[in-house]
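Chemist: Sequence:
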Amino acid sequence: MIDPRLIREEPDRVRAAQAKRGLSDEVVDRAISADETRRAAIAEYERLRAEQKSLGKQIPQAAPEEKAALLEQTKELAARVKAAESAQSEAEDLWRSTLMEIPNVAADEAPAGGEDDYRVIETIGTAPQFDFEPRDHVELGQMLGAIDLERGAKVSGSRFYFLTGIGAQLELALVMMAMDQARNAGFTQMIAPALVKPRAMEGTGFLGQAADDVYKIEDQDLYLVGTSEVPLAAYHSDEILDASSLPLRYAAFSSCFRKEAGSHGKDTRGIFRVHWFDKVEMFVYTTVEESYAEHLRLLAWEKEFLDKLELHYRVIDVAAGDLGTSAQRKYDCEAWIASQGRFRELTSTSNCTDFQTRRLDTRGRFADGSIGPVATLNGTLCSINRPIIALLETHQQADGSVKVPKALQPYLGGLDLIKPPT
RNA sequence: GGAGGCGUCGCCUAGUCCGGUCUAUGGCGCCCGCCUGCUAAGCGGGUUGAGGGUCAAACCUCUCGCGGGUUCAAAUCCCGCCGCCUCCGCCA
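For the first sequence, this note's numbering begins at 172 and goes up steadily by one.
Everything labelled a hint here was simulated from the structure, so no lab data went into it. Some hints could be false.
Said to hold, decoys possible - Simulated crosslink set (DSS-like; lysine-lysine; CA at most 30 Å straight-line):
(1) 368 - 430
(2) 590 - 574
(3) 325 - 228
(4) 191 - 474
(5) 430 - 387
(6) 430 - 474
(7) 437 - 191
Said to hold, decoys possible - Simulated restraints, written as ranges between beta carbons of each label pair:
(8) 357 - 293: 22 to 30 Å
(9) 587 - 329: 44 to 52 Å
(10) 245 - 360: 56 to 64 Å
(11) 325 - 263: 49 to 57 Å
(12) 200 - 285: 22 to 30 Å
(13) 180 - 537: 15 to 23 Å
(14) 247 - 283: 52 to 60 Å
(15) 536 - 293: 36 to 44 Å
(16) 383 - 263: 27 to 35 Å
(17) 438 - 298: 17 to 25 Å
(18) 283 - 537: 31 to 39 Å
(19) 193 - 263: 28 to 36 Å
(20) 299 - 464: 28 to 36 Å
Bear in mind the structure is a predicted one, so any value in this text is a computation, not a measurement. For each residue, glycine too, the CB sits at the ideal point set by N, CA and C.
Please model the entire structure based on the sequences and the hints provided.
Modeler: Have a look at this one:
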């Protein structure tokens, strides 16, 4: 949720932000009028309620002959208070739900426009050159006994898979490498629940435009998370954090589930776009002022991880219209996927400023004793599947074997070359 | 899943049976001040959060796990839910 004061004090800034994302600004006018209605309703209710309270106080001391008249009066007033109260809460609900429709105000620096309007910030390394016909990860995964797609489909349906043998080892190695890196950088390691209550989903902004992508548990008020950003953002909900403890840096491992509705026919081959995968995610609580610098640090940690995997990748500044509800700015790291001849998203880091914390009621108590908003940021450290794809395709050899990047070798028991099982 | 107990302003706690003066008691911690060469002790004051209102204030409203109900009036009575604890059952 954006700062309600923005609507009242700088509505034009919000209108401009909507336009930058390619959204209509009529919601701004609705929010302004909902705010006015709400404040009028509050004033009316509070006026009646104050009257009711003061009359109520007179009743115990009232002389018996006055009592009946007083009771009559207060009884009538009670009905009006009740009506005013429900009018007030109705106005409050409308105001809140209108505000909730408004996504975070994109950073001035974020490019305007949609998915294709990103700006390339930098490109690292060069595309691998092969003196043979390179295989894609599906073929390599099969040759190496690492990925079993047929049985994944048999057991769970399309966009499911088993990681087998060296594939399973690769996941564990990547997870450990990511977790070690995070811990060394001062993150607290976490294993987070993959099922959450509506509050957590709503609070992180995933029940808005992304709702179609979210699995809901039948007959229960629980959702499967698409990222551990969700449980981590809700982790400190309803809390006031001591600002001197900031930044709070968490690195969580969890499974992630996505319906991938609306992407039928897209990336159907292999394990690039799947309904379930595991991920190590960085999540930070910090001050709004520090969040911009922290965002660059998260990006640096993502790059460090990709560097260790010796991948060719680029960093893009995602355009406003493609930011998602909560983000103020987002950088994606896209690795070169040889079989596709293009860069594809492997990791992503977002600065959500105080958008999520406002919804989830997480605040900070600062050195001067004041209480105010704090910011959240998230960043993928390792999304497992896609790094495996990039790894296999980038480091493949003519015979189908795959070189293991130096940094990953210790996590595979010193293995430097993955060979097809004999 | 069954039975019982509990949930009060950072922590502990009084109040709940018997509704109104609860504007929620006291202690700890914390903050400010006084005092004392320093420190400690002592003394005095402050200390939930949100919203409305205002130039700022004053002031007002809400907040005793959450939601509803009864009532002129609810921490207190009634109903539902959630969480925690104990025991039993089941289970990885």
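Chemist: Work down the list of hints and note, for each, if the structure agrees.
Modeler: Structure-based check of all given hints:
no. : hint                  : result
1   : 368 - 430             : holds, 18 Å
2   : 590 - 574             : holds, 9 Å
3   : 325 - 228             : violated, 72 Å
4   : 191 - 474             : holds, 28 Å
5   : 430 - 387             : holds, 10 Å
6   : 430 - 474             : holds, 28 Å
7   : 437 - 191             : holds, 27 Å
8   : 357 - 293: 22 to 30 Å : holds, 25 Å
9   : 587 - 329: 44 to 52 Å : violated, 35 Å
10  : 245 - 360: 56 to 64 Å : holds, 59 Å
11  : 325 - 263: 49 to 57 Å : holds, 51 Å
12  : 200 - 285: 22 to 30 Å : holds, 24 Å
13  : 180 - 537: 15 to 23 Å : holds, 22 Å
14  : 247 - 283: 52 to 60 Å : holds, 57 Å
15  : 536 - 293: 36 to 44 Å : holds, 38 Å
16  : 383 - 263: 27 to 35 Å : holds, 28 Å
17  : 438 - 298: 17 to 25 Å : holds, 20 Å
18  : 283 - 537: 31 to 39 Å : holds, 34 Å
19  : 193 - 263: 28 to 36 Å : holds, 30 Å
20  : 299 - 464: 28 to 36 Å : holds, 34 Å
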